[in-house]
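K.L.:
Residue numbers (my numbering), protein chains in the order written: chain A, 268 to 556; chain B, 666 to 965.
Quick caveat, the hints were computed from the structure, so don't treat them as lab data. From the three backbone atoms N, C-alpha and C, an ideal C-beta is built for every residue, glycine too. Do not rely on the hints blindly, as some may be mistaken.
[Unchecked claim] One side only, chain B facing chain A, incomplete, derived with CB under 8 Å:
{"#": "1", "residue": "700"}
{"#": "2", "residue": "765"}
{"#": "3", "residue": "766"}
{"#": "4", "residue": "867"}
{"#": "5", "residue": "872"}
{"#": "6", "residue": "874"}
{"#": "7", "residue": "882"}
[Said to hold, decoys possible] Derived PhoX-like pairs (lysine-lysine); straight-line CA-CA distance at most 25 Å:
{"#": "8", "chain 1": "A", "residue 1": "296", "chain 2": "B", "residue 2": "817"}
{"#": "9", "chain 1": "A", "residue 1": "295", "chain 2": "B", "residue 2": "817"}
{"#": "10", "chain 1": "A", "residue 1": "342", "chain 2": "A", "residue 2": "296"}
{"#": "11", "chain 1": "A", "residue 1": "293", "chain 2": "A", "residue 2": "356"}
{"#": "12", "chain 1": "A", "residue 1": "295", "chain 2": "A", "residue 2": "356"}
{"#": "13", "chain 1": "B", "residue 1": "817", "chain 2": "A", "residue 2": "293"}
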Amino acid sequence: MVFQNYALFPHLNVFENVAYGLRIRKMKKAEIAARVERCLAAVRLEGFAERMPHQLSGGQQQRVAIARALATEPKVLLLDEPLSNLDAKLRKEMQTELRSLQRRVGITTILVTHDQEEALSLSDRIGILGDGELKQVGTPLEIYRRPANRFVAEFIGQVNLIEAQALPGADRPPGTLAFAARGHSVAPGKPLRLYAAEHPSLAGRESVLFMLRPERIRLSPAPPEGAAGGVELRIESVVYAGSAVRIAGVLPGGGELTALSSDPSFPVLPEPGGILYASWEPGDLIPIE
Amino acid sequence: MTRSSRTPGAESAGRYRRNLFSWVMLTPGLIFLGAFLAVPFLLLFVISFRDVDNWMNMLPTYSLNQYLEVFTSRFYLHMIWTTLWVAIVTTVICIVLAYPAAYLLVRAPNRSVRTALYVILVSPLLTSVVIRTFAWIVLLAQNGLVNEVLMKLALISEPLRLLWNLNAVIIAYVQVMLPFAVLPIATSMGEIDPRLRQASMNLGAGRLRTFWKVTLPLTIPGMMSGAIIVFSLAAGSYITPLLVGGRLQPLLPLAIYQQVLQVANLPLGAAMSMTLLLLVGVLVAGMGLILRRWEGRMHG
Numbered sequence: 268m269v270f271q272n273y274a275l276f277p278h279l280n281v282f283e284n285v286a287y288g289l290r291i292r293k294m295k296k297a298e299i300a301a302r303v304e305r306c307l308a309a310v311r312l313e314g315f316a317e318r319m320p321h322q323l324s325g326g327q328q329q330r331v332a333i334a335r336a337l338a339t340e341p342k343v344l345l346l347d348e349p350l351s352n353l354d355a356k357l358r359k360e361m362q363t364e365l366r367s368l369q370r371r372v373g374i375t376t377i378l379v380t381h382d383q384e385e386a387l388s389l390s391d392r393i394g395i396l397g398d399g400e401l402k403q404v405g406t407p408l409e410i411y412r413r414p415a416n417r418f419v420a421e422f423i424g425q426v427n428l429i430e431a432q433a434l435p436g437a438d439r440p441p442g443t444l445a446f447a448a449r450g451h452s453v454a455p456g457k458p459l460r461l462y463a464a465e466h467p468s469l470a471g472r473e474s475v476l477f478m479l480r481p482e483r484i485r486l487s488p489a490p491p492e493g494a495a496g497g498v499e500l501r502i503e504s505v506v507y508a509g510s511a512v513r514i515a516g517v518l519p520g521g522g523e524l525t526a527l528s529s530d531p532s533f534p535v536l537p538e539p540g541g542i543l544y545a546s547w548e549p550g551d552l553i554p555i556e
Numbered sequence: 666m667t668r669s670s671r672t673p674g675a676e677s678a679g680r681y682r683r684n685l686f687s688w689v690m691l692t693p694g695l696i697f698l699g700a701f702l703a704v705p706f707l708l709l710f711v712i713s714f715r716d717v718d719n720w721m722n723m724l725p726t727y728s729l730n731q732y733l734e735v736f737t738s739r740f741y742l743h744m745i746w747t748t749l750w751v752a753i754v755t756t757v758i759c760i761v762l763a764y765p766a767a768y769l770l771v772r773a774p775n776r777s778v779r780t781a782l783y784v785i786l787v788s789p790l791l792t793s794v795v796i797r798t799f800a801w802i803v804l805l806a807q808n809g810l811v812n813e814v815l816m817k818l819a820l821i822s823e824p825l826r827l828l829w830n831l832n833a834v835i836i837a838y839v840q841v842m843l844p845f846a847v848l849p850i851a852t853s854m855g856e857i858d859p860r861l862r863q864a865s866m867n868l869g870a871g872r873l874r875t876f877w878k879v880t881l882p883l884t885i886p887g888m889m890s891g892a893i894i895v896f897s898l899a900a901g902s903y904i905t906p907l908l909v910g911g912r913l914q915p916l917l918p919l920a921i922y923q924q925v926l927q928v929a930n931l932p933l934g935a936a937m938s939m940t941l942l943l944l945v946g947v948l949v950a951g952m953g954l955i956l957r958r959w960e961g962r963m964h965g
């Protein structure tokens, strides 16, 4: 187990910290020395054996803690928010480092984190816990693209959630089903018409909650061509985050949508109060349980 | 001019005013300490080099005679050794007994229990040493409680001689000084991150080994602080040994008391005081050094 604050023994040097579990197992001295050396090499801390914990940086202490946990060759390694005490840049480095270390050593690792991005980028499988129960278990791709429920959808990344009512008889493009949004209206009293790709879970459903990821929404200054057309949005806020621009707007009849566009799609940042047209593919509307 | 854009000159003037203020506040204390500690101490130091005639009058000459007497007489050397030995034994017993008590304090289930335990621990310090020591006379005397009970239980046929020896002095010392050992140990124990113990157990250590390998080493600073306090108190008190040991015990504080107040040989008393101060100082400095090095090892 690796603790959030590392819990290195402050009175023991790096070597003795890593050797702690081995001494308890009464291993031979030479064997201990070899094993400790191997573990320190695995976390790239060769030459640090004589240092005391207080002489190490946060990232180095972190790696000693991992080496200490690895030394006893456990079946499962539990990392309790191992990166939460590190600054943003070091955290990114350690994420890559952890991932490749885990691959090299090949120990099943459970990593506890509050950082969705960290969870998505580090794991083979993610379990999402909420209200004391396991909300969904799946690969990062499954969790992100097909969240099983509203909790997971809202937890992993920002989303637009649209409640909608089935319109069984309505005109629709082939391969889709038509719905009328409840909270989103293109004009007062005129609900937003949605076309969702046909999906087994939609069969016979009266009312459905759809998830629409902000990055799936395309924004254009003029109404796009095509049957679905675009939804008029009055811009409420524009947040520039370097690689992307987050734009939130309201529909003329009420209801909010947030879109995430990559930086180059806007030579000039749009101003709040302006009008943009939002559009998306039927496959981007993901039904949520 | 706003607060944030103060000139360096104004800032240093402000610091000067603050410094001046704290010096003014310190002055009465400094004068008091100077007049009643530093000056008498210097006088004592000077007097320890004075000679005396056969009627114990101080002569205007200076020599090392008093120190020669202290360090060449077997009587005084034995006394120095006994004083240090009694203080060391008291210190060791205090630390050993204080450890479980400190553990109990730190592991108290909640705040009110902990507060209650602290009050119980500290309350003896509210009464005078004389009263606390007198209690031991009541307990240990020929017809005292301990002898009475042992006689009634027919475990002994005649009263044991429990008072008026060094064992009685050590027993009374331990009782009087135990709180001074418990408090620093409890403090350093309370500062240990509980996750260190979890980490140790997680790596396969049992409770006992976790104690020896983690808890005990991390409380060494507390034990050292406690030892320093207890040792210096035990090497320097004279009330407790006088009351339960009697005035004839070979302990330096008692001898100093006799030389000064009964024999009226001030220079010899002063030389013995200086000797005691030096020995305690050296030993305490040694313990302080161990403490510093251990803390430096852990925290830099």
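K.L.:
If a hint holds in the structure, say so; if it does not, say that too.
P.N.:
The hints, checked one at a time:
This hint is violated: residue 700/B has a C-beta 44 Å from the nearest C-beta of chain A, more than the 8 Å allowed. At about 22 Å, the closest approach between the beta carbon of residue 765/B and any beta carbon in chain A exceeds 8 Å, and the interface hint on this residue is violated. Here the hint on residue 766/B is broken, as its CB sits about 23 Å from the closest CB of chain A, past 8 Å. Hint on residue 867/B holds. Least Cβ distance to chain A is approximately 5 Å, under the 8 Å limit.
Taking 8 Å as the C-beta cut-off, the interface hint given for residue 872/B is violated, the closest approach to chain A being about 13 Å. Here the hint on residue 874/B is kept, as its CB sits about 7 Å from the closest CB of chain A, short of 8 Å. Because the smallest distance between the Cβ of residue 882/B and any Cβ of chain A comes to about 5 Å, under 8 Å, the interface hint for this residue holds. Restraint check for residue 296/A and residue 817/B: the C-alpha separation of about 60 Å exceeds 25 Å, so the hint is violated.
Proposed proximity of residue 295/A and residue 817/B is contradicted: the alpha carbons are some 59 Å apart, above 25 Å. Of the supplied pair hints, the one linking residue 342/A and residue 296/A holds, its CA atoms being roughly 23 Å apart against a limit of 25 Å. For the proposed pair residue 293/A and residue 356/A, the alpha carbon gap of about 40 Å is over 25 Å, so the pair is violated. Taking the CA atoms of residue 295/A and residue 356/A, the gap is about 40 Å. The hint is violated against a cut of 25 Å.
Between the alpha carbons of residue 817/B and residue 293/A the distance comes to roughly 54 Å, so the proposed pair goes past 25 Å and is violated.
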